[in-house]
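Participant: For reference, the chains in residue letters:
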Amino acid sequence: MARITVREAISQALWEEMERDESVFILGEEVGVWGGTYAVTKGFYDHFGAKRVKDTPISEAAIVGAAIGAALTGLRPVAELMTINFAFSAMDHIVNEAAKLHYMFGGQFILPLVIRTVGGGGRQLGATHSQTPDAIFAHFPGLKVVAPGTAADAKGLLKSAIRSNDPILFIEHATLYQSRGEVPEEDYLTPIGKSKIQRPGKDVTIVTYSKMLEISMKAADQLSQEGIEAEIVDLRTLRPLDMQPVIESFKKTNRAVIVEEGWRSYGVGAEVAARIYEEAFDYVDAPIQRVAQKEVPLPYNRTLEQMALPQVEDVIRAVKEVL
Amino acid sequence: MTQEEYLELYYQMVIIRLVEESAAQLYQQGKIGGFLHLYIGQEAVSTGLISARKPQDRVITAYRDHGVAINVGIPAKLVLAELLGKASGVSKGKGGSMHMADVTKNFWGGHAIVGAHLPIAAGLALGDQYQDHQAVTICMFGDGATNIGYFHEALNLSKVWNLPVLWVCENNQYGMGTAVERASAVSEIRQKALGYNMPNSRVDGMDVLAVRQAAQEVLEQIRSGSGPYLMEIVTYRYRGHSMGDPERYRKQEEVKRWEENDPIGIYRKYLISNQIFEESQLDELDQKAESEVKEAVRFAEESPEPPAEALFADIYAEEEGLLHG
Numbered sequence: 002m003a004r005i006t007v008r009e010a011i012s013q014a015l016w017e018e019m020e021r022d023e024s025v026f027i028l029g030e031e032v033g034v035w036g037g038t039y040a041v042t043k044g045f046y047d048h049f050g051a052k053r054v055k056d057t058p059i060s061e062a063a064i065v066g067a068a069i070g071a072a073l074t075g076l077r078p079v080a081e082l083m084t085i086n087f088a089f090s091a092m093d094h095i096v097n098e099a100a101k102l103h104y105m106f107g108g109q110f111i112l113p114l115v116i117r118t119v120g121g122g123g124r125q126l127g128a129t130h131s132q133t134p135d136a137i138f139a140h141f142p143g144l145k146v147v148a149p150g151t152a153a154d155a156k157g158l159l160k161s162a163i164r165s166n167d168p169i170l171f172i173e174h175a176t177l178y179q180s181r182g183e184v185p186e187e188d189y190l191t192p193i194g195k196s197k198i199q200r201p202g203k204d205v206t207i208v209t210y211s212k213m214l215e216i217s218m219k220a221a222d223q224l225s226q227e228g229i230e231a232e233i234v235d236l237r238t239l240r241p242l243d244m245q246p247v248i249e250s251f252k253k254t255n256r257a258v259i260v261e262e263g264w265r266s267y268g269v270g271a272e273v274a275a276r277i278y279e280e281a282f283d284y285v286d287a288p289i290q291r292v293a294q295k296e297v298p299l300p301y302n303r304t305l306e307q308m309a310l311p312q313v314e315d316v317i318r319a320v321k322e323v324l
Numbered sequence: 002m003t004q005e006e007y008l009e010l011y012y013q014m015v016i017i018r019l020v021e022e023s024a025a026q027l028y029q030q031g032k033i034g035g036f037l038h039l040y041i042g043q044e045a046v047s048t049g050l051i052s053a054r055k056p057q058d059r060v061i062t063a064y065r066d067h068g069v070a071i072n073v074g075i076p077a078k079l080v081l082a083e084l085l086g087k088a089s090g091v092s093k094g095k096g097g098s099m100h101m102a103d104v105t106k107n108f109w110g111g112h113a114i115v116g117a118h119l120p121i122a123a124g125l126a127l128g129d130q131y132q133d134h135q136a137v138t139i140c141m142f143g144d145g146a147t148n149i150g151y152f153h154e155a156l157n158l159s160k161v162w163n164l165p166v167l168w169v170c171e172n173n174q175y176g177m178g179t180a181v182e183r184a185s186a187v188s189e190i191r192q193k194a195l196g197y198n199m200p201n202s203r204v205d206g207m208d209v210l211a212v213r214q215a216a217q218e219v220l221e222q223i224r225s226g227s228g229p230y231l232m233e234i235v236t237y238r239y240r241g242h243s244m245g246d247p248e249r250y251r252k253q254e255e256v257k258r259w260e261e262n263d264p265i266g267i268y269r270k271y272l273i274s275n276q277i278f279e280e281s282q283l284d285e286l287d288q289k290a291e292s293e294v295k296e297a298v299r300f301a302e303e304s305p306e307p308p309a310e311a312l313f314a315d316i317y318a319e320e321e322g323l324l325h326g
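Sequence order for the protein chains is A and B. So the number in the numbering used here is just where the residue sits in the first sequence, counting from 1, plus 1. So the number in the numbering used here is just where the residue sits in the second sequence, counting from 1, plus 1.
In isolation and in its complexed conformation, chain A is listed as follows (with noise of 0.2 Å):
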């Protein structure tokens, strides 16, 4: 195993499949001369050239519309959008055209198509480029979306995702990308549409993923002080979604707290809480907690900025509430 950061685990699986397959190119704003805005496709041009990764004009739309194109020929395009936050600038390919086409012909297009972009607030960007609407883009069949919260599932989700056939949106968290984490040293690939048990527990479930699993990790290791210990399920695919841990890690302490860095009206922990009732109702024992940002658009202002997004205390505070 190998200690690296989440930015190295990414850029090691598009450097791993592109010397793999050579159908697999990048796009994207800033990926080549400059290597990446996060410095995620750094040595990328020099080592693979123009063809393979291509600086695009600020044009998201065409972006994600040419990768849809280029897919559709059998490439394995990997899409880099800046940030989420211009990924409402190339809506209408996402969610109108990538996550209809293979349905809408009957089966006929087949999409191996990438998305890569970046979420998430807490560097003082601002409510324009600050956001996680990660629950929007899962709304939609036909789009699957991924977002890792581990230097190890993000190095094997993206690699899985590169050799899917299915369009998918994979989001990358802003302050992730310094965090360290065990990465195996061989080739592995990581399934999409698995959730996963981080981190055991018997007293509370914690229902999770990307950025918020490292604040739930350090609410738990509190609590373990205190004698609470939780376990953590973290979703890592927001769509199509795996509630069979969840609901069994349920059936087992009975309570859930869910913790999602997006606004908590119509979001994830909507969406799980939901589930959990309709599928272990019988096992609730104190209603389920959702630990979210607050609704507002996210304030420049440091001090504000924290008030607003969800700190390890509001976990905590949640999991005594469910207790």
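The hints are all genuine.
Derived CB-CB ranges, DEER-like:
1) 166/A <-> 31/B: 33 to 43 Å
2) 140/A <-> 177/B: 23 to 33 Å
3) 97/A <-> 177/B: 17 to 27 Å
4) 25/B <-> 192/A: 48 to 58 Å
5) 34/B <-> 97/A: 18 to 28 Å
6) 186/B <-> 59/A: 19 to 29 Å
7) 183/A <-> 319/B: 25 to 35 Å
8) 179/B <-> 285/A: 50 to 60 Å
9) 195/B <-> 183/A: 49 to 59 Å
10) 255/B <-> 38/A: 51 to 61 Å
11) 318/A <-> 319/B: 39 to 49 Å
12) 75/A <-> 280/B: 44 to 54 Å
13) 308/B <-> 312/A: 47 to 57 Å
Just so you know, the hints here were simulated from the structure itself, not pulled from any lab data. Here the structure is a predicted model, which is why all the values come from computation and not from measurement. Using N, Cα and C, we set each Cβ at its ideal position, and we do this for glycine too.
Put chain B on the given structure of chain A with help from the hints.
Facilitator: Showing chain B alone in chain A's frame:
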């Protein structure tokens, strides 16, 4: 051109006209749901254009796609079956009028969000460029699509990357009910290519041979590596934007004037006056087309509905049956 080629153009245009007339009837009988956008009046555009392509050349168009479907070689009966939502339809009854495609014929749809297929067309061309195919992507769209951002993003990208795309604007003079000059800063759409330093031309879309010849020349240019090209083809739709259009935005005299310029009529006269065919030969062909379309309607009506399992089929290429997201 060979006799056969002349004949094929005529036959395809007549088939399109008859398929569309049948579709209008079926719609009025309540057998076709949703929207129905007819291609009547515009037959010469896609017929001329697509007759000029090589098999490796891809075709992608907007929602007014029945004519294009016929021209790429989809049998009329599969087009009509799709209109009736039948399992035998070209998109298995799940696409409908606006979403027909057949990848085995290099026809990539049938796209119903105005202008959204232009970036996809750029991607198809990118795929061919990347894989060194000697192919051109022919991307058709209406005049209305040139006012949306996708058009500009796609044209710009295609020029920056020197992609093998033939952009074809079918200027039928109205985006739904809004005349070109009320919606576009320039009424000659081809002028929009100038901002992208892209070669362009304007072609008479009621003359199938003019369209074919223009397309042949330009396709070869693009194939040789000259990059993207914008062709504006001026045409007119005789029917409303879709069925149920009250057509308050134009006068019936205007429609009549264009109908006198009917692309099938013009071509028929041309074939006879140049002694390529005799009138009786074309009459025979008309009858053949009529019975083919009649048979196609019968096939469509008698085809089975999609089975209930079809509802959850083909959501993803992998992992069938993810019913609950």
